[in-house]
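A.B. asks: In case you want the letters, here they are:
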Amino acid sequence: MRRIRTYHEVADPGSEDIVAQVVAQSERLARRLADVGMVVVVASGKGGVGKSAVAANLAAGLASGGRAVGAVDADLNGPSLARMLGARGPLEVGPEGVEPACGAAGVRVMSMDLLLAAEDAPLAWREPDEGAFAWRGVLETGALRELVADTRWGTLDVLVVDAPPGSDKVARLIELLPRIDVLIVVTTPSDAARHVVAKSVRLARERGVDPIALVANMTAWRCPHCGQTEAPFAADGARALAEATGLPTWAEVPLDPRMGAATDAGRPYVLEAPDSAAGRALRGLADEVARRT
Amino acid sequence: MKFLCVDCDEVMAFAERQLPGDGTMAAVFKCPGCGREMGLLTNPAETRLVSGLGIRVGGRSVPEQPMELLRSSLATGDEQALVDMPSEARAGLTPGSVRWSADARARLEQVPGFVRGMVKRIYGEWAVERGIDEITPAVMDRARSDLGLEGM
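Just so you know, the protein sequences line up as chains A and B, in that order. In terms of the working numbering, the first sequence is residues 28 to 320. In terms of the working numbering, the second sequence is residues 397 to 548.
These aren't lab readings, by the way, just hints derived from the structure by calculation. Please read these numbers as outputs of a predicted model, since none were measured by experiment. We treat Cβ as the ideally placed atom computed from N, Cα and C, and that holds for glycine. Incorrect hints may have been included.
Under 7 angstroms between C-beta atoms, here's a sample of chain B residues computed to sit facing chain A [claimed, not checked]:
#, residue
1, L436
2, P440
3, G450
4, I451
5, M463
6, L465
7, S469
8, A471
9, T472
10, G473
11, L478
Short, incomplete list of chain A residues facing chain B, as computed with Cβ under 7 angstroms [stated by the list, open to error]:
#, residue
12, V37
13, A61
14, A170
Now the stretches of chain A that chain B is said to cover, found in silico as 3 or more residues with beta-carbon under 8 angstroms [as the list claims (entries may be wrong)]:
#, region
15, 108-119
16, 172-186
17, 196-206
18, 252-263
Could you put the whole structure together from the sequences, leaning on the hints where they help?
C.D. replies: Below, the structure written as structure tokens:
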């Protein structure tokens with residue numbers, strides 16, 4: 028049988044056009060982030076733990092403290108960050124990229140939500156009839172790369188990245204971003220949340236992300252009528268996660284219905300009620316991050 | 397991916413790319429030794445997989461545009477979400493001087509508004525570089541294949 032040379036015998040990686048294009052994409056992303064002092068990813072792995080609300084309040088808290096802050100919504104299918112920060116389009120496109128929207132406290136915001144046709148418009152691609160399972164993930168990773176790399180962030184002290192739920196999405200961000208300077212993992216006292224969030228923590232550690240810190244959200248509920256404080260969850264999964272992983276908890280944010288209402292209205296609670304218990308916790312989180320800039 | 401001419405033991409070189417507009421792609425590779433040509437044909441899903449990576453088989457003839465992949469792929473985009481700066485504001489480019497035939501204008505109107513401004517500018521720049529003063533559907537076909545702009 029004749030022997031045909033293998034790919035590795037004929038390919039010169041440096042001269043591969045496809046490889047060169049992929050390298051150019053990575054360089055473009057790195058160039059865009061060169062003027063960003065710190066990349067902070069807010070993730071969880073678990074949905075519904077208030078991750079985007081924490082990300083929005085962190086961004087607004089940092090900006091209100093005088094930092095130049097950008098916020099990118101990496102949740103393409105369930106984007107909410109622009110709404111929570113009160114940011115709206117349209118966005119101007121120039122040769123150097125797309126100008127981000129201006130949100131609360133001057134946070135520069137980019138989100139798929141700013142590009143979709145209507146409030147209830149789902150993310151849908153112009154697609155061939157078959158094989159979508161094969162290319163949709165690839166396309167969404169490419170779209171996320173563009174949201175970060177093709178936005179004219181300018182010089183930022185901090186870029187806050189709001190990660191989508193799912194530990195696989197955390198892995199995707201780790202692979203996509205040239206660097207993650209701080210990973211904030213949001214959880215709740217729920218033991219189910221602890222169970223899921225622990226997977227993201229382990230995955231990030233195995234990929235060498237450092238430092239990692241926890242935010243325990245919805246830790247307590249204070250009755251606005253009688254003032255009594257109660258634990259909304261029977262378990263204390265957030266504390267158990269901190270003990271099991273040895274990670275620091277940078278904020279314990281109590282459950283506050285007013286925070287939900289303010290965030291829904293595009294007014295970050297850290298600005299709306301900075302002296303409330305939740306507001307103080309969120310300011311403390313912003314201070315923890317700001318100390319590292 | 398490489399194509400090896402087994403007879404010559406030479407790696408075939410990219411020669412030509414064609415995007416007929418139905419989602420498929422044809423790329424021609426040629427052996428530098430014997431001159432034999434072969435065509436790589438992809439179905440729409442395969443074409444989409446490649447374009448989803450943001451890469452062009454055979455290389456790029458224009459640099460990647462801001463949010464190019466997103467704008468050319470998003471089906472539910474707001475037509476007013478992105479506003480292209482006037483081409484006059486872009487140093488050294490005068491695609492605005494190129495005429496568009498009625499047929500070409502009609503075809504451009506079929507392009508989603510979300511990406512239409514970018515497509516018009518890219519085609520205009522492509523025409524200017526080649527001294528073409530009027531864009532017709534045939535010119536658009538050539539530009540699409542040359543630029544690798546599947547879906548535009």
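A.B. asks: All hints are to be evaluated individually against the structure, with a verdict given for each.
C.D. replies: Status of each hint after checking the structure:
Because the closest C-beta pair between L436 of chain B and chain A is about 13 angstroms apart, greater than 7 angstroms, the hint is violated. Hint on P440 of chain B holds. Least Cβ distance to chain A is approximately 3 angstroms, under the 7 angstroms limit. Residue-level restraint check for G450 of chain B holds (minimum Cβ-Cβ distance to chain A is 5 angstroms; threshold 7 angstroms). The beta carbon of I451 of chain B comes within 4 angstroms of a beta carbon in chain A, closer than 7 angstroms, and the hint placing it at the interface holds.
Restraint check, M463 of chain B versus chain A: the minimum CB separation of about 5 angstroms is within 7 angstroms; hint holds. Evaluation of the L465 of chain B hint against chain A yields a held restraint, the C-beta minimum of about 5 angstroms falling below 7 angstroms. Because the closest C-beta pair between S469 of chain B and chain A is about 5 angstroms apart, less than 7 angstroms, the hint holds. Interface hint status for A471 of chain B: upheld, as the beta-carbon distance to the closest one in chain A is roughly 4 angstroms, under 7 angstroms.
Given the 7 angstroms rule on beta carbons, the hint for T472 of chain B holds: about 4 angstroms separates it from the nearest Cβ of chain A. The interface hint given for G473 of chain B holds, since its Cβ lies 5 angstroms from the closest Cβ of chain A, which is under the 7 angstroms cut-off. Hint on L478 of chain B holds. Least Cβ distance to chain A is approximately 5 angstroms, under the 7 angstroms limit. Here the hint on V37 of chain A is kept, as its CB sits about 5 angstroms from the closest CB of chain B, short of 7 angstroms.
Taking 7 angstroms as the C-beta cut-off, the interface hint given for A61 of chain A is violated, the closest approach to chain B being about 17 angstroms. Given hint, A170 of chain A at the interface with chain B, holds; its Cβ is 5 angstroms from that chain's nearest Cβ, closer than 7 angstroms. Here the region 108-119 of chain A counts 4 residues with a CB under 8 angstroms from a CB of chain B, which clears the bar of 3, and the coverage holds. Closer than 8 angstroms: that is the beta-carbon criterion, and the region 172-186 of chain A has 4 residues meeting it against chain B, so the requirement of 3 holds.
Requiring three or more residues with a Cβ within less than 8 angstroms of a Cβ of chain B, the coverage given for the region 196-206 of chain A is violated, as only 0 such residues are present. Coverage of a stretch by a chain is defined here by at least three residues with a beta carbon nearer than 8 angstroms to that chain's beta carbons; for the region 252-263 of chain A and chain B the count is 0, and the condition is violated.
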